Each structure stands twice: as C-alpha cells, then as structure tokens.
Amino acid sequence: MYRTNSRILFVSVLLAWAKAFTLNNSSSTFRKNAITSHTTSTKWTRSNLKQSKSELNMSIDKDESILKGEVANEVQALLAKAKAIRESLPEEKKPEVGEMQVDGAATSVADEIDDAVGYRLYIDIGREDGTWMDPKWGASGKRIETSIDVSFLLPQSDINMDDTSLAGENIVSQMVKDNLSGKSSAVRILNTLTGARLRGGFDQMNCNGGGYRIDAGNGRRSSSSTARFFIEVDGTEGEKSNGDIFIPKGRLYFSLPCFGNSLRQLSTREGIITVRQMGWHTGWRREESRIIGVFRAVSIGQAKKRDSY
11 MYRTNSRILF
21 VSVLLAWAKA
31 FTLNNSSSTF
41 RKNAITSHTT
51 STKWTRSNLK
61 QSKSELNMSI
71 DKDESILKGE
81 VANEVQALLA
91 KAKAIRESLP
101 EEKKPEVGEM
111 QVDGAATSVA
121 DEIDDAVGYR
131 LYIDIGREDG
141 TWMDPKWGAS
151 GKRIETSIDV
161 SFLLPQSDIN
171 MDDTSLAGEN
181 IVSQMVKDNL
191 SGKSSAVRIL
201 NTLTGARLRG
211 GFDQMNCNGG
221 GYRIDAGNGR
231 RSSSSTARFF
241 IEVDGTEGEK
251 SNGDIFIPKG
261 RLYFSLPCFG
271 NSLRQLSTRE
281 GIITVRQMGW
291 HTGWRREESR
301 IIGVFRAVSI
311 GQAKKRDSY
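Count the sequence shown with the working numbering and you get residues 11 to 319, in order.
These aren't lab readings, by the way, just hints derived from the structure by calculation.
Bear in mind the structure is a predicted one, so any value in this text is a computation, not a measurement.
Idealized CB from N, CA, C, for every residue including glycine.
It is possible that part of the hints are untrue.
[Claimed, not checked] In silico lysine-lysine, BS3-like type, Cα no more than 30 Å apart, as pairs:
1) Lys315 with Lys91
2) Lys259 with Lys314
3) Lys315 with Lys193
[Stated by the list, open to error] Cβ pair distances, simulated, as ranges:
4) Asp125 with Ser150: 42 to 50 Å
5) Asp213 with Asp125: 26 to 34 Å
6) Ala94 with Lys187: 50 to 58 Å
7) Lys146 with Asp173: 42 to 50 Å
8) Arg153 with Gly289: 18 to 26 Å
9) Gly178 with Phe212: 40 to 48 Å
Produce the entire structure from the sequences given, and follow the hints as far as they go.
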C-alpha cells in the first residue's frame, strides 16, 4: 500500500513537471513570434515612410518646375510689354532744365545744351513760427497764396562766347552775403516770366527779375547744396493787402536745397522766403533776415500739365 502510493506520487510529480516544461516552451515560442512580427512590421513601416518621402519630394520638385516655368513666362510677357511702351514713347528732344557749374566744384558744364531753366514758384505768405516780423504782421493767421514763373539763365557752353548769364554789379550787390567760408557760384541773372498771380489770377503783383547763385556742398555730385535767389516785387501793401497780411515792397529772398550743384535737381521740399529789414534781434541794429512764408518749386513743364495756365 505504501509503495503504491509512492509510485502514484512520483508519477504525479513527473506529469506536473512535464506540463510546466511544455508551458514554458510555448511561452518562449510566443515571445519569439511576437518579436519577429514587431520587427517585420517596423521594417515594413520604415519602408513605406521612405517610399512616401520619395514620392513627396518628387511631387515638390514637379510643382517647383511648373511654378518656375509660369514665372518665366510672366517675366517674358512683362518685358515685352515694357519694350512696346518704351518704343511707343516720343523721343525727347531736349531736357527742360540744365546744369550750372559752381566755382571750384567738380560739376562740369560740358554737356550743357539749355541756356535757361524754368520753374513755377508756388508761394504761401503768412506768419511763420520764429519769424522776426512785426508782431502785428499776419497776427490774424490770414495768408496770401500766389505763383510766379521764373527763368534761371545758365552759363554759356561755348567758352568762346560772352557769358550773358552773368549778373551785373547792381544784382550781385543785392545777394545776401551769408556763405563767407564756403564756395559759391558766380551770381547769375533770374528773369521773371510773369507777374505774381493773386486771388486765383484776378489780381497781379508786378515782379522785376533778380539774381541767383548756388552755395556748394562738399563737391560731390550726390551732396546737397543750396540755391539762393531773390526777386524784386512791387508788394501788396494798400489795396492788394489781405487785412494785416501783405507782401512788403522790395526783394523777396528764397533758398532751397539742390543736389550735385545743379539746378536740374532742385528739391521738391518747402523752402523759406525772407525779407531784409532793419532790426535789433542780432544784438545791434543791422539789416536782418525775417521769414515771411514758404514756397515750392515745380518745373514749368510739370506745372503747366497740372495747372490751367
């Protein structure tokens, strides 16, 4: 009886061990299969990603090629239009403005073909901040707007001819001497082509010419110089005044930047207008400059296109 039970116990233990060994082998096989499946899946995914990336690059290259082709076609079309427009424009026979030489500067007059430069001055007379005019002058805030057509005579291009643009001593002596340390051009003649238009052309102020010079910059063509000129006017005192605002009789002085020492390139910005009157603002009684307004200069050709006169 005892032996029989021992045999049964032994067989049971043997069977349990065999079952455990079988389960262990099955688990190992399952793990190996799972790892193999994951590795295969990963390789397949990477392969698909590489293929997708390659297809995407090919698509981008194709789109870029199409876009470059469209841009090239559009550029060619625009160039063709620009050429057609350029060929349709009339040939310019001569420029409206010329160039003058400043003494000692690098600017040349060898290419000068005009004997004068024309501008329309749009003038706005009224009290300005910082002016030394009489406190009653323009105190109401009223202003006088007018325009004057002027012509600056230019140096002769032919050195064998007399330079008829040079001003006489009576004009030279009226220029303001405020460029004592710098270089300036010779003083030349300014002609007034019209009187000053007042009240929209219903009235007029007589103008009697004047003179001009250019105060040079540093000698470079791109540097800024200053054009200074004056115009003799009859003024608007009396019937032509506008309340407490009027243009004094005598000389109106103008200054405006220009570039390359050339009247070709007068600045489009506002310049100032002054008169010379006796006063004490500088510390002793002397003739001093007093601001009475501002102005802009526009070439005659452009002004006539914009205005009705």
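Now the hints, each set against the structure:
no., hint, in the structure
1, Lys315 with Lys91, "holds, 26 Å"
2, Lys259 with Lys314, "holds, 28 Å"
3, Lys315 with Lys193, "violated, 36 Å"
4, Asp125 with Ser150: 42 to 50 Å, "holds, 44 Å"
5, Asp213 with Asp125: 26 to 34 Å, "holds, 32 Å"
6, Ala94 with Lys187: 50 to 58 Å, "holds, 55 Å"
7, Lys146 with Asp173: 42 to 50 Å, "holds, 45 Å"
8, Arg153 with Gly289: 18 to 26 Å, "holds, 23 Å"
9, Gly178 with Phe212: 40 to 48 Å, "violated, 35 Å"
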